[in-house]
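Trainee: Residue numbers (full-length UniProt numbering), protein chains in the order written: chain A, 1 to 417; chain B, 1 to 1001; chain C, 1 to 99; chain D, 1 to 178.
Bear in mind the hints are in silico, worked out from the structure with no lab data behind them. Wrong hints could be hidden among the right ones.
Cβ pair distances, simulated, as ranges [as the list claims (entries may be wrong)]:
| hint | chain 1 | residue 1 | chain 2 | residue 2 | range |
| --- | --- | --- | --- | --- | --- |
| 1 | A | 226 | B | 402 | 43 to 53 Å |
| 2 | B | 442 | C | 22 | 44 to 54 Å |
| 3 | A | 165 | B | 140 | 38 to 48 Å |
| 4 | C | 31 | B | 619 | 51 to 61 Å |
| 5 | C | 91 | A | 210 | 24 to 34 Å |
In silico negatives: residues of chain A with every beta carbon more than 12 Å from chain B [what the hints assert, rightly or not]:
| hint | residue |
| --- | --- |
| 6 | 212 |
| 7 | 388 |
| 8 | 390 |
Quick caveat, the model's predicted, so the values are computed rather than measured. Don't be surprised by glycine CBs; every beta carbon is placed ideally from N, CA and C.
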Amino acid sequence: MTHFSAMSLLKNALNGHKGWREQWPDAAPKKEYDVVIVGAGGHGLGAAYYLAKEHGITNVAVIDKGWLGGGNTGRNTTIIRSNYLYDESAKMYDHALDLWEGLSQDLNYNVMFSRRGVMMLAHNVHDVQSFQRHVHSNRLNGVDNRWLTPEEAKRFCPPLNISRDARYPVMGAALQMRAGTARHDAVAWGYARAAAARGVDIIQNCPVIAIRRDASGAVEGVDTAKGFIRAKKVAVSAAGHTSVVMQSAGVRLPLESYPLQALVSEPVKPCFPCVVMSNAVHAYMSQSDKGELVIGSGTDQYVSYSQRGGLPLIEHTLAAICEVFPIFNRMRMLRKWGGIVDVTPDRSAIVGKTPVKNLYVNCGWGTGGFKATPGAAHTLAWTVAKDEPHPINAPFTLERFTTGRLIDEAAAAAVAH
Amino acid sequence: MSRFRVQGKGRVRHDAPVGFTFDGRAYDGLRGDTVASALLANGVHLMGRSFKYHRPRGPVCAGTEEPNALVGTSRDGGAKGGRFEPNTRATAQELRQGLTVESQNRLPSLKFDVGAVNDRLYMLFSAGFYYKTFMWPRSFWDRVYEPVIRAAAGLGKAPDTVDPDRYASRYLHTDVLVVGAGPAGLTAALAAARSGAEVTLVDEHAEMGGALLSDPGVGIDGMPAWDWIAAQLDELDRLGVRRMTRTTAIGYYHQNMVGLCERLTDHLDTLPDDAPRERMWRVRAGHVVLAQGALEKPLVFDGNDRPGVMLAGAAQTYLNRYGVRVGDLAVVVTSHDSAWHAAFDLADAGTRIAAIVDTRASVRADLTEAAARRGIRVLASHTVTATWGRLRVKSVRVAPVRDGKVQGGYRIDCDCLLMCGGWTPSLHLFSHTKGTLRWDDVQQAFLPDRSVEACQIAGAGRGLWGYEAALRDGIAAGNAAAEALGRDAQDSAVLVANDRTGSGVSHKELPTDGDPNRARAFVDFQNDVTAKDIRLAVREGMRSIEHVKRYTTNGMATDQGKMSNVNGLMIASDAVGKAPPQVGLTTFRPPYTPTTFGTFAGYHRGGQFEVTRKTPIDAWAEAHGAAFEPVSLWRRAWYFPQAGEDMHAAVARECLATRRSVGIFDASTLGKIEVSGPDAVEFMNRMYTNPWTKLGIGRCRYGVLLGEDGYIRDDGVIGRLRDDLFHVTTTTGGAARVLAMMEDYLQTEWPDLDVWLTSTTEQWATVALNGPDARKVLAPLVEGQDMSAEALPHMSVAECTVAGIPARLFRLSFTGELGFEINVPARHGLRLWEALMQAGADYDICPYGTETMHVLRAEKGFIIVGQDTDGTVAPDDANLGWAIGKAKTDFVGMRSLRRPDLVAKGRKQLVGLLTEDGAVRLEEGAQIVADPDQPKPMKMLGHVTSSYSSATLGRSIAMALIEGGRDMDGQIVHVPMPDGVHKARITSTNFYDPEGERLKV
Amino acid sequence: MLLIHCPYCDETLPELEFAYAGEAHIDRPADPASLSDEEWRDYLFIRSNVKGTHAERWRHIHGCARFFNALRDTVSDEFITTYPAGQARPDLTIKEAAE
Amino acid sequence: MTLHDRDLHGATVTIEEIPPVARFSLRVRDKDRAAAGAALGVDLPDRVGDRAASGDRTLVCLGPDEWLVTAPEQARDGIVRDMAAIRDGAPHSLTDISDREITFRVAGPAALTLMTIGCPRDLRRLEPGRAVRTVFDTAQIVLWRDGPDSFRLDVWRSFAPHVRSLLEIGRKEIAAGF
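Excised from the complex, chain A in its bound form (with noise of 0.2 Å):
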């Protein structure tokens, strides 16, 4: 692997660029892995990286039915935070916190991830309610998040309207400084790269028909449209698909799979500096590096594999956009795209062991998962390593389902007097 660095550029550049190699090879498969990971997003990249890194084990193959990074990890818009309410969900999503701030530097790979702030807007009593607890929770935690004014808020994010006469008036703002956003597709190439440099194969194109289990019932490979390939560890990382591939192995999952939408404006110079969420009016944005300005839409109502998704969310995201940003009205759409994500009746992922011997998943991350990637992967890649749940993921097993132990960050959320 070339080292990335100042030094390399330049010299590159006086060269015409013509020692660059490709970054990661379009590898075959082999007949036999210790792991194989379905689904070459950054969290199945991720995770391969990890085993090889911090496990050892390297004869692993990241397996895609497309281009890797092609699924929700090139889709989303890039917010990363980690003040959660839950105890267990705040350890997660600040455990990958902790490694996104080194991630450039581990996969010798600007991923850019850029610490701005994440303002979350309180628009009425509930939402003050429940974010104050977010932010008291959080500090007893350790986790980043603070209590901010309305007049704080617009100081801080200058294009908002905190009129008191708005339809949802700012009643005060949650900011986790340390949080902010990366870049989407670096985080997939990096992985990508940073794990074929310790041996890991990279399969695009190939997708998976069905696990293969053995007589006992344990897992002994993938039937892909490139053949069989043996493999002594499955782990299940296909965000929307993951239904689909864990169905032939014959287990059933609460998941259902939703069409997101996305979007962006023409790009301008800088004008919005943090990334701000509003859940009351759903509007969430962000600038991105080129100028464009990056929004997050809702969810459509129905299952759906399609990536397409109605024209009505995007107006109501967009009116709210510009009731919460009235500067941005002659702004323009640019482009807008669907991803397929997968919901867990809790709103919170399951990462761990399954019912079938040597077979692990990771879904159910929803709207969330891009910020937890590099926590998912590294304690995904624990768990298969050491056939063992990591502290941290522990708490996101399919059992809860039964015991009802849910960690219900949507519940607790609810709105209802």
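Please arrange chains B, C and D on chain A, whose structure you already have, making use of the hints.
Mentor: Just chains B, C and D now, with coordinates in the frame of chain A:
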């Protein structure tokens, strides 16, 4: 008038000058011009700077696909008028009187831009360079590198003032929607309309006609093209076809829904009153005909981006449609026949054509003969290897190619270089539908394959070339649409004279004898992506076109890849060594052209952003100075401050007045559901945790509703009015959810039950009277009901009249005081309120809002669902175990209460909390620990759910969910806050009048 | 925005009038008390999440207010058929054979 | 600009709130429909969207087991009495919702166009004489088509100001020729 304007030519009005400014300098254009055509008429090509290298750029197109000539525009006094907008395409913006135009992405000026230093360092800024560096030292990314990169990026400035314009939207249903009013679109619309179908025809330009507007020499059915267009439009109008210009089909959604953006005022000199700027049309069509034509491709060669280098078809449009010659001395370089016609038109209009450079070895004889007739030098089998000129192209180097080898080249002077790399069908909308494309080896283009929607593609959009072919195809598509809708279609013929048929070849980069690593051959002009960037990406392992796109940003500019996608693919597939379809085409994403946020927001701005529900009594509250809070879609009176009072003072006063005498509260937002029918009681038994069979008529009961997961979803007081009739109340925010949940069970699980549900939330206005004097205020107004405690005990309901209004009168209490809730038909709500206020005057009746309501109920330990519960709280956790019918075998959620985690020790339970110092009010959401000195992360026992200063008790009170809290009664816990740790004692939640003496009146 | 055929109104109408209500043909057990925790979990949470023909519930909430069922292709989002609540899932192989 | 024969430069449309009527939601099973019809003196129409009237009572079928009963205010008690009389033999639910909704009339040559600013239905298919529940913008409404250019909207009371102001904005656009 400028010498570049050709008198009498084009569709502009030569007698109607229009004044505008560009970078502060005044110019004149003509009515009908775009900003670009007007500037070109004034000899101005330099209109912008590129994204990365800040290279000088001029328009390369004459339409909405323009990547270079992006400008900022405003009216009414510039940016502060709120109508500034960045990144407007000068080639599409119609000229209007007083239009203010400024160039972008330059400092200090367009002609001298310090950002152009990047251009000198271009070798450093190769594709993906930022992934490889800026990593050391680690902290520099946030503080140094990223801010610098961000400041350099972006094109125009964002608006900084609120937009005063309005935006509109409509739904439209039509039998046939035709997108694009060029030759194929016109004949398709006409064919469909002749069959009797309702037809809608839309076009993004100011007028219809498409390519024919740029080709007036063509004859159709014996008429000059422009006369033919007029005749078609006449007939379309006679047939009642809805024609919409300045209307872009931006997205193609499920089941033939197409979003259109109609621009209504941007072309007008002055803004009419009440006119929306833009309108979103959500069109649902029985059949769609896409006739969006084809886009001309640039050629990729070193220096193909200088101002003055543009598409040949664009030059032809500027000449024929706008009457503007784009230069005096042109070189044409092409791989397609179409540019020859452009050259001839320009030559005939007085521009000298220094040469036609064709990459092909042989060209149709009629073209070479026509060139010879005009004395134009023809250079077949030639390439272009370089251009010169800083702010405008001044010469070009051409070279013959023999057997694939570039021979010695030479320079030709010019002031414009017109290029044509062939044409690619415009299939963006088709791609939105996930319709599949197939690669056509002959045309070297993607063509439409399988359609998933009811749509046709006509004309150049499916690879047909020449007007006759397009016109005939339009007729066929219109007829096919009509037939698909069950109508009779008739074939008709069309005859074209002087048709401009032709063909061409496709290229990757043009061959060169220069150093390919030094070549600045641009593929994506705006994003400064060069051919070698694409090759570098492939060399680095980016083999999918999606990877190449993302790594180089090719195709991600504001032209949405219209200029760059196919050229990028040709180069990438050459580099990968696979055929283009195996490398893939990136997905086209909506919108077709960038569309304002305002258009999507439509009417939903300001007061119209979302419904604000108000009660019948809201106007009184507003008139009496209430502060309001939003609760779901409602706004509710929060408190009623008197002069000089803050919320704390007002709430203290309201609480004391209510406990002392009587308070009045607008409870109209409570959800209300009428549950009616012989099986009503059975239904209630199945839905709610409580038993209902023995509830007497005229009595009411507090009901708890769970989700099937066993957690509390809602609560409310439920009255039985008849054996078969219940009046159910829900929380304000839960009303719609509860009704939907009940309907779900009733319709799909228990359809056999004879019971029906009707929402009556808004049928009734509800006024709550609480306090020891409540009965005294109310009783004189009541008729038809004995108000004594015996006749109307606590938790009972009666039908009577109050102030002469028919009412459902509940006696219940959410405050611990003697309480009544009076429901009257909503139209009388305000009258009832005023009557009670009047009757209460002698008792100093005090109106109070939601905050006081919350304090009063907290003093009694009554929960608010959603505040004291959070979706993970089971009845027993909230001390509501008593509300579960002991003899019941099933109700919604009952089975879940037995799951292991719900019967485990250590669940969080709702308890009271009294701070050691009664003056300290805990913050809601504050976390509770046993040991405040432990290190972080701390073990948290729970959190404060409700916390108030109780004026009645003269101290603060709080409720909290605490692990195993009920077993900790009397124990001290700690609440660590940033400014210190508070101690608090766990108590009962019933802080006031625990024996309920105050109800016994 | 989808177009949905309501079997009760017998009209094909815009999605804005409808509310999605999850997978179809998951009946509430007649006697929940007799179920094991695992069986109860399956009822509560486990969903087929089909990529292909999905049987699902919709409610014409802003129309006739009825719940009904639909078969829809989750890859194309195309509705194959809709049918009243309580009816068995249509056998598409029979339908195709008849055509 | 839009060019169309039905295009409405300066065409008029009026929006008015009309006085309250007695309004009930009637729910009854199929087997008891005839009895309910007999009690009301109007046969219950059986196709969703159909309307039937007799004397001063009008019935609209809103769903397979749901009818909207309207009558002048003074007829309210009579309807309640008539239906109460059959409750034992023909179980049903009759709920007074007179005050739940406000009714607007939208009429004039531009009425259909004005409705399209908020109603996603294909109103070409809503024949005069019919009424359906649908949505206008984000509000649920019962939409009555009384004639080619005449509509009524029953809107939940707290949504009515929103609907009204949206209609006014649309009316002004049309009046301005846009």
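Trainee: Which earlier hints turn out false for this structure, listed by number in ascending order?
Mentor: none
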